[in-house]
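Chemist: Here are the chains, one letter per residue:
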Amino acid sequence: MMKETDNSTCQRAGDLVSVLYGEATESEQREFELHLKQCGNCRAEFAAFTGVREAIGEWRDQALTGFVSSPMVAAPRRKSALAALRQFLDLSPLWMKGAVGFAAVVFCVLVVLVFGRFSSSPREVPIASGNSPAVYTKEDVERAVADALAKQEAVAQKEAVARKEHEQRVIEEVPEPKVIVSSPGAKSSNLAKSTGSPRAPHERRPFSRAEREQLAAELRLVSSSDENDLDPDR
Amino acid sequence: METLSTDEIIVERALSGDAEAFGEIVRRWERRIFALTYGILGREEDARDATQETFLAAFRNLRGFRGEAKVSSWLHRIAVNQCLTRQRRAKVRNESALEDSAESDLAATVDESPMSVVEGRQRTVAVRRALNGLPLELRQIVVMKEFEELTFREIAEALELPLSTVKSRLYTGLKQLQLRLEKFGAE
Numbered sequence: 120m121m122k123e124t125d126n127s128t129c130q131r132a133g134d135l136v137s138v139l140y141g142e143a144t145e146s147e148q149r150e151f152e153l154h155l156k157q158c159g160n161c162r163a164e165f166a167a168f169t170g171v172r173e174a175i176g177e178w179r180d181q182a183l184t185g186f187v188s189s190p191m192v193a194a195p196r197r198k199s200a201l202a203a204l205r206q207f208l209d210l211s212p213l214w215m216k217g218a219v220g221f222a223a224v225v226f227c228v229l230v231v232l233v234f235g236r237f238s239s240s241p242r243e244v245p246i247a248s249g250n251s252p253a254v255y256t257k258e259d260v261e262r263a264v265a266d267a268l269a270k271q272e273a274v275a276q277k278e279a280v281a282r283k284e285h286e287q288r289v290i291e292e293v294p295e296p297k298v299i300v301s302s303p304g305a306k307s308s309n310l311a312k313s314t315g316s317p318r319a320p321h322e323r324r325p326f327s328r329a330e331r332e333q334l335a336a337e338l339r340l341v342s343s344s345d346e347n348d349l350d351p352d353r
Numbered sequence: 098m099e100t101l102s103t104d105e106i107i108v109e110r111a112l113s114g115d116a117e118a119f120g121e122i123v124r125r126w127e128r129r130i131f132a133l134t135y136g137i138l139g140r141e142e143d144a145r146d147a148t149q150e151t152f153l154a155a156f157r158n159l160r161g162f163r164g165e166a167k168v169s170s171w172l173h174r175i176a177v178n179q180c181l182t183r184q185r186r187a188k189v190r191n192e193s194a195l196e197d198s199a200e201s202d203l204a205a206t207v208d209e210s211p212m213s214v215v216e217g218r219q220r221t222v223a224v225r226r227a228l229n230g231l232p233l234e235l236r237q238i239v240v241m242k243e244f245e246e247l248t249f250r251e252i253a254e255a256l257e258l259p260l261s262t263v264k265s266r267l268y269t270g271l272k273q274l275q276l277r278l279e280k281f282g283a284e
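Residue numbers (my numbering), protein chains in the order written: chain A, 120 to 353; chain B, 98 to 284.
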């Protein structure tokens, strides 16, 4: 049979446990502390109960430190992404909901744009001329460049052949150089003869080697005759 | 009290078919119920089993919960009943959970050599034995106070007892524990 023990002399069991567990009011605590100073029996009990509590606490801490949640609740079911989003929106303020909506719309537009750009068939980079709206493919451009190069090459070859023929003709037409002993007055006529050509007089052609030598000889003759004319001693 | 009203709302959700609601109740109260069963039974394995059985029984009897008592009181009563059932079964099988656990704890002290650890272990074993020796009415209140850390008012509400009775029973329980621990210390 359980015996409802009370501290026999003081009858203050209720106050003692209230103060012991910190549930007494300020006035109750103050009053009981005054009582403790006068009552050795209650003081001894208070100290003994404090020791008992410490011992129980030690055991409790050991027991509950290793407590692990039971399997039935240890791994709560994961919420779906939609449920999590719904919960987030429920808890968010209005401006946050608006911002999230706007961000979602922008994101969707960007995704559609990017997807559309990469999913369509690959096109050649258009090359447009300045005044024409025509658009050429890469092959077109390469073909045009090749044609232009071929034309340029053909023109250059033609020019080279023409130049060769011309040089050949010039070499053939040039007469044997003559020794000129004429007077300075006949100089130009001789030169004209020596450099005579079937072309029109206004058409100048480059001097051949023979012509250049003849011209140099004539010039030497002219200069020496001029010097003789100027010499006062003669 | 907000927590209690929230508990009742959660129970209502569970009754209306919300599968996650009861899990929330378990998460909320599991630790306290384990503390209670551990304090009463004195052995971790038994306490864990009793805790699980408590919540299973609560789930089975969820429709019987009419909201007249608080969820915490309802769970507490189920847990105490589970502990008593386990102790009765243990007596029938002539088992002493207390002795088993005390022996295993003392065996552990042999492995751990430092004297302070041994003394600590011996003290916890003594506390457990002293607590287990208390009558259920006293043990229950000591455990609710020391393990569940409930206030006097909460204990009174849970056990439907006057506040003064709770205080006097706690005083008596502490007094008997003091005497038992002094006796173990003298042995």
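Derived by calculation from the structure, the hints in this document are not laboratory data. It is possible that part of the hints are untrue.
[Claimed, not checked] Here are the computed lysine-lysine pairs in the DSS-like style, where the Cα-Cα straight-line distance is at most 30 Å: (1) A:Lys156 to B:Lys188; (2) B:Lys272 to B:Lys188; (3) B:Lys280 to B:Lys188; (4) A:Lys270 to A:Lys257; (5) A:Lys270 to A:Lys283; (6) A:Lys156 to B:Lys272.
[Unchecked claim] Examples of chain A residues lying across from chain B (beta carbon under 10 Å, computed): (7) Asp134; (8) Leu135; (9) Glu150; (10) Ala167; (11) Val171; (12) Ala174; (13) Ile175; (14) Gly176; (15) Trp178; (16) Gln181; (17) Leu183; (18) Val231; (19) Val233; (20) Arg236.
Just so you know, even glycine gets a beta-carbon here, dropped at the ideal spot from N, CA and C.
Chemist: Does the closest beta carbon of chain B sit nearer than 10 Å to the beta carbon of Asp134 (chain A)?
Modeler: It holds, given that the least Cβ distance between Asp134 (chain A) and chain B is near 9 Å, below 10 Å.
Chemist: Less than 10 Å between beta-carbons is the criterion; does Gly176 (chain A) satisfy it with respect to chain B?
Modeler: Cβ of Gly176 (chain A) sits 7 Å from chain B, so the hint holds.
Chemist: Using 10 Å as the Cβ threshold, decide whether Arg236 (chain A) counts as touching chain B.
Modeler: violated (44 Å)
Chemist: Between Lys270 (chain A) and Lys283 (chain A), is the straight-line Cα distance small enough, at 30 Å or below?
Modeler: Given pair Lys270 (chain A), Lys283 (chain A) holds - Cα atoms ~20 Å apart, limit 30 Å.
Chemist: Hint check: is the beta carbon of Val231 (chain A) less than 10 Å from a beta carbon of chain B?
Modeler: violated (37 Å)
Chemist: Would the hint on Glu150 (chain A) stand, with a C-beta cut-off of 10 Å toward chain B?
Modeler: Since the shortest Cβ distance to chain B is 16 Å, the answer is violated.
Chemist: For Lys156 (chain A) and Lys188 (chain B), compute the direct alpha-carbon distance and say whether it is at most 30 Å.
Modeler: violated (47 Å)
Chemist: Would the hint on Ala167 (chain A) be counted as holding, given a Cβ-Cβ threshold of 10 Å to chain B?
Modeler: Holds - the Cβ of Ala167 (chain A) comes within 10 Å of chain B, reaching about 5 Å at its closest.
Chemist: Going by Cβ atoms only, is Leu135 (chain A) closer than 10 Å to chain B?
Modeler: The hint holds - Leu135 (chain A) has a Cβ within 10 Å of chain B, the shortest such distance being about 6 Å.
Chemist: Closer than 10 Å between Cβ atoms is the bar; does Val171 (chain A) clear it against chain B? Give me holds or violated.
Modeler: holds (5 Å)
Chemist: Can we keep the Trp178 (chain A) interface hint, with Cβ of chain B closer than 10 Å?
Modeler: holds (4 Å)
Chemist: Grab the minimum C-beta distance from Val233 (chain A) to chain B and call the hint holds if it beats 10 Å, violated otherwise.
Modeler: Cβ of Val233 (chain A) sits 39 Å from chain B, so the hint is violated.
Hints 1, 9, 18, 19, 20 from the earlier list are contradicted by this structure; the remaining hints agree with it.
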